[in-house]
Amino acid sequence: MIMTVFLYQKLSPLVSLNALSAFFLATGLILLTLIPVIFLYQRLINKKPSVAVFTYCQFIIAAEISSLLANQTWQWDFFTIILTLCLYFLFKKEIRYIS
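Taken in order, the sequence shown gives residues 1479 to 1577; the numbers are from the working numbering.
Rather than coming from a laboratory, the hints here were simulated on the basis of the structure.
Straight-line Cα separation of at most 30 Å, DSS-like style, residue types lysine-lysine; simulated pairs: (1) K1525 <-> K1571; (2) K1526 <-> K1570; (3) K1571 <-> K1526; (4) K1525 <-> K1570.
Could you put together the complete structure from these sequences and hints?
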């Protein structure tokens, strides 16, 4: 995520951005930096690629929701952990089915 923010800060002044193009640039950069991480995460959990993508994306969704809720860094960390665990247990059947 830090790499995505760094790339966005470097590329956004080079391109004239309206709201839609800024959204597409940010989404593309998230996917660009997410793809190599998914393969590393797949090797870490030793599961199929679809399971790795599904579980890692749950963490990203939890982190984004937490960034909206938190006022301080420790709250963001705490909310991310709690939401990640909640999403994991909510989708436990789906993860077992995919794997």
